[in-house]
Amino acid sequence: NAGVTQTPKFQVLKTGQSMTLQCAQDMNHNSMYWYRQDPGMGLRLIYYSASEGTTDKGEVPNGYNVSRLNKREFSLRLESAAPSQTSVYFCASGARYNQPQHFGDGTRLSIL
Amino acid sequence: QQQVKQSPQSLIVQKGGISIINCAYENTAFDYFPWYQQFPGKGPALLIAIRPDVSEKKEGRFTISFNKSAKQFSLHIMDSQPGDSATYFCAASSSAYKYIFGTGTRLKVLA
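Chains as they are written, first to last, in my numbering: chain S, 52 to 163; chain D, -8 to 102.
What the hints contain is simulated information worked out from the structure, not anything from laboratory work.
Among the clues, some could well be false.
Partial selection, computed: residues in chain D whose CB lies under 7 angstroms from chain S [stated by the list, open to error]:
#	residue
1	Ala20
2	Pro43
3	Glu47
4	Ser84
5	Thr94
Computed spacing ranges between beta-carbons, pair by pair [what the hints assert, rightly or not]:
#	chain 1	residue 1	chain 2	residue 2	range
6	S	Gly67	D	Arg42	40 to 48 angstroms
7	S	Asn121	D	Ile3	17 to 25 angstroms
8	D	Gly51	S	Glu130	40 to 48 angstroms
9	S	Val63	D	Asn18	36 to 44 angstroms
10	S	Gly67	D	Leu101	45 to 53 angstroms
11	S	Pro151	D	Thr19	19 to 27 angstroms
12	S	Gln68	D	Leu101	38 to 46 angstroms
13	S	Asp77	D	Gly51	22 to 30 angstroms
14	S	Gln68	D	Asn18	35 to 43 angstroms
15	D	Ile3	S	Phe61	26 to 34 angstroms
16	D	Asp22	S	Glu124	24 to 32 angstroms
17	S	Met92	D	Ser56	32 to 40 angstroms
18	S	Gly114	D	Gly51	39 to 47 angstroms
All of these numbers come straight from a predicted model, not from anything done at the bench.
Backbone N, C-alpha and C define an ideal beta-carbon position, used for all residues, glycine too.
So here's chain S without its partners, still in its complex pose:
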């Protein structure tokens, strides 16, 4: 039972490049989330999907787009990467908002 799987684990980009972070869960959860984690700032919600076919902005959505491909998969895209997007990105899934969230092990992204 893999839980939440994120790929890639590490990535280095140049400013202006684009990339997609992939996330898949095998727990049949309805809700999926993307967070970024920066030192001293905790986890901040970028986008979430309450159910298949819906997506909504979180606290820090600027510069990102998401796609809920199906119930299992939720991807995060950086269209034109900026150094301010250097962070650790976590994907999570949960049955609903007032239930535990299960996190992947993160993608460590550096933008030069």
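Please build the complex by placing chain D on the supplied structure of chain S, with the hints as guidance.
Just chain D, lined up with the frame of chain S:
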């Protein structure tokens, strides 16, 4: 109103001691209060959670105390062990605001 304020930022405790981490919130719409534990290089993992209809929940050495009137909740780790050294996050969630996380507490338990 969407913030969850967590303190202290870091904490050093002797082995066998009690670790206490506090969180405060403003929005009364929050109705689920989890604590997560994160080890370096890993994602956060649920440690224990409480709902506002109870004032305390205990699981092993970990206890959440919840004060609804003060809008505060805290994590107590009894008999702290070096293996408890990690970063701890409180969170609060509601249907409107989903999960709001505190800024984290880095706990170090000295052997």
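Hint check results:
1. Ala20: Check failed: Cβ of Ala20 (chain D) comes no nearer than 11 angstroms to chain S, outside 7 angstroms.
2. Pro43: The hint is violated - Pro43 (chain D) has no Cβ within 7 angstroms of chain S, the shortest such distance being about 11 angstroms.
3. Glu47: 19 angstroms, violated
4. Ser84: 5 angstroms, holds
5. Thr94: 4 angstroms, holds
6. S:Gly67 to D:Arg42: 40 to 48 angstroms: 46 angstroms, holds
7. S:Asn121 to D:Ile3: 17 to 25 angstroms: Between Asn121 (chain S) and Ile3 (chain D), where Cβ atoms are some 46 angstroms apart, the hint is violated.
8. D:Gly51 to S:Glu130: 40 to 48 angstroms: 46 angstroms, holds
9. S:Val63 to D:Asn18: 36 to 44 angstroms: Given range 36 to 44 angstroms: holds, Cβ gap about 38 angstroms.
10. S:Gly67 to D:Leu101: 45 to 53 angstroms: Roughly 46 angstroms apart at Cβ, these two residues keep to the hinted range, so it holds.
11. S:Pro151 to D:Thr19: 19 to 27 angstroms: 22 angstroms, holds
12. S:Gln68 to D:Leu101: 38 to 46 angstroms: Since Gln68 (chain S) and Leu101 (chain D) have Cβ atoms about 44 angstroms apart, the given range 38 to 46 angstroms holds.
13. S:Asp77 to D:Gly51: 22 to 30 angstroms: For Gly51 (chain D) against Asp77 (chain S), whose Cβ atoms are near 28 angstroms apart, the range 22 to 30 angstroms holds.
14. S:Gln68 to D:Asn18: 35 to 43 angstroms: 38 angstroms, holds
15. D:Ile3 to S:Phe61: 26 to 34 angstroms: For Ile3 (chain D) and Phe61 (chain S) the Cβ distance comes to about 31 angstroms; the hint holds.
16. D:Asp22 to S:Glu124: 24 to 32 angstroms: Given range 24 to 32 angstroms: holds, Cβ gap about 29 angstroms.
17. S:Met92 to D:Ser56: 32 to 40 angstroms: Distance hint for Met92 (chain S), Ser56 (chain D) is violated at roughly 26 angstroms.
18. S:Gly114 to D:Gly51: 39 to 47 angstroms: 42 angstroms, holds
Hints 1, 2, 3, 7 and 17, counting from the list given before, are not met by this structure.
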